[in-house]
Structure formats: C-alpha cells, structure tokens
Amino acid sequence: MNKPALRKKAVSVAWVFGVLLIIDIFPETTLVFLGLVVICGFYDFLRNGLYDAPTFKKYFIGSGRNTWLLAPFNTLFDLLSSGNRHVYRMDDLPPAWREDLQQVINEAMAHKDEIIGYLDERMAEKKRGMLFFQWYGRPIETALDIPKLREKLPFVKTIGVSVFNENRSTSFHFGPLRMMFRVLYNMAPAAHHEGVYIQVGKQKHYWHDDPLFIFDDTLMHASFNKNDAKRYCLFIDIVRPTPLPLVLNAAIAGFAGMVFTLRRVFYKNWKLIQ
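Everything in the sequence shown is counted per our numbering, starting at 1 for the first residue and increasing by one.
What the hints contain is simulated information worked out from the structure, not anything from laboratory work. Wrong hints could be hidden among the right ones.
Below, a list of computed lysine-lysine pairs in the DSS-like style, where the Cα atoms sit at most 27 Å apart [unchecked claim]:
| no. | residue 1 | residue 2 |
| --- | --- | --- |
| 1 | Lys57 | Lys230 |
| 2 | Lys9 | Lys112 |
| 3 | Lys230 | Lys127 |
| 4 | Lys126 | Lys112 |
Label-pair restraints from in silico Cβ distances [claimed, not checked]:
| no. | residue 1 | residue 2 | range |
| --- | --- | --- | --- |
| 5 | Arg138 | Asn66 | 36 to 44 Å |
| 6 | Val38 | Leu79 | 15 to 23 Å |
| 7 | Ala256 | Thr30 | 24 to 32 Å |
Built from N, CA and C at the ideal position, the CB exists for glycine as well.
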C-alpha cells in the first residue's frame, strides 16, 4: 500500500476513534447529535441524485464523511435560506448578490494577463495551484497586489484563482458547509473540448459553453482538464441567497475565526501560491 493510501486509511481510523471518544465523554448529547447526523446525512446524500454503492461509500466513509458529520448544520442552513436550485445562473441570484459578484469578475478580468502570468511563473510541474486574495471574508496578503480583490463585500466571501496544469483533474469530492455557494469563472476560455468540464452529480458543465458556473459545492463534484492547456478559473464563494443574510454572515465569520489558521488543511492537494 502506497503512502497516500496509508495516510487516507490513518485519517479514517483516527476519525472513527475521535467519534468514539466523544461518545464516551458526552453519551447523551452525542446520542441526540448522532441521531441528527444519521437522519440529516441520508437527506444530504439523497440530494446528489446518485444512489449507487460507490457514491454511498464515498459520502459516508470516504471524502464526504466531514460533510456527513456537518449535515445537521447544513440542514439548518437550508431552513434559513431560499430554496436550493443546486446549480445557478447569474439571473437566479438576487440583485445585490449579482452586483457584488459582477464587480469581482470585472476587476479580476481587468487584471487577467497579470494574474495568469503570476501563476505561470510559480506553477512549475505542480498539478493544481490556488491563489487567494481573501478567504471567508478575511483578506490574504499576496505578492500580487490587487487591492480591489481584497476589499470586503457583503455577499462575496472568498476570492481566489485556481489553475490546473495540463491534463490534470480532481477526484469526486464534497464541500463541507452549505453557508455559501461556489462560483467558478473561466478566465481564459478554452477551445471546444469535451474533456474540459466540471461535473456536479450527474450534470456536466463544459467550459466552452459558458465561462460562468455557480453551484452548491456540498454536492459531489469534480473538475476535469483533459487537454494540453492550463485552465484558469476565478474561485469565488458567495453567501447563499437568504432572507437572513446577517445570520449566515455571522456563521461564516464564526467559522473563519475558528479555522482561518488551518485553511491549508482544506487545500492540502493544492499548491497554495502567495
């Protein structure tokens, strides 16, 4: 068994022991929470529209296990938010959300050549790279100075740029929390190519059809770049459309406060570029 496989196995074992330890220390509270985890987890799993054994295994004991553990919180965010379309167009967002998002896209595209050149200099042979200007509402200092991309906006919380090297893809995975939706914008539109796309559940979005894609990233998804050119995408998180934006903003700020220094853990398979 190779090192990555052993590491994954060790993480799974540690996760199970951690859960068992919490049960032993807080048995009654844990029993109630675990009941919610099971019920909400099955609801969350069924949302993917894929009911086969590999998806079941991936969600409950594979890369989705953290999403499963957080299912009660994600179900609460569902109740606090507008109906979830899973995949969105720009016109599906409320006007204030569209205004913030369009501002970020316009500013990034105004610096497109500068951003792409900066990433190219630092990627070398790395599979995938990520440059953040802000994360969960907190600005990130970078050598590439674009102040407008570090400005706080009411409905945009994460701003970055992802780059996939030639013939690189991700595995299918689940985002952990449903406080925000993911926005990807292809900065350098690809020529027509059937191997350059993102898949969410059963749905494939080809970048040659539309440079913009907005989706609920707690659904199982993967990105593919099966051609001989790099792919550069704006990587943006927006607050979920909700009649209670102050509540979701408070939850996002609280989460960022707890895990900001550990954010590299979320992108362990990426080269983080500063």
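We went through each hint and held it up to the structure:
Taking the CA atoms of Lys57 and Lys230, the gap is near 32 Å; set against the 27 Å cutoff, the hint is violated. With a C-alpha separation of about 41 Å, the suggested pairing of Lys9 with Lys112 is violated against the 27 Å cut-off. Of the pairs offered as hints, the one joining Lys230 and Lys127 holds, with about 10 Å between alpha carbons and a cut-off of 27 Å not exceeded. Restraint check for Lys126 and Lys112: the C-alpha separation of about 21 Å stays at or below 27 Å, so the hint holds.
Arg138 and Asn66 have their C-beta atoms about 21 Å apart, which leaves the hinted 36 to 44 Å range violated. At roughly 18 Å, the beta-carbon separation of Val38 and Leu79 lies within the given 15 to 23 Å, and the hint holds. At about 26 Å, the beta-carbon gap between Ala256 and Thr30 stays in the expected band of 24 to 32 Å.
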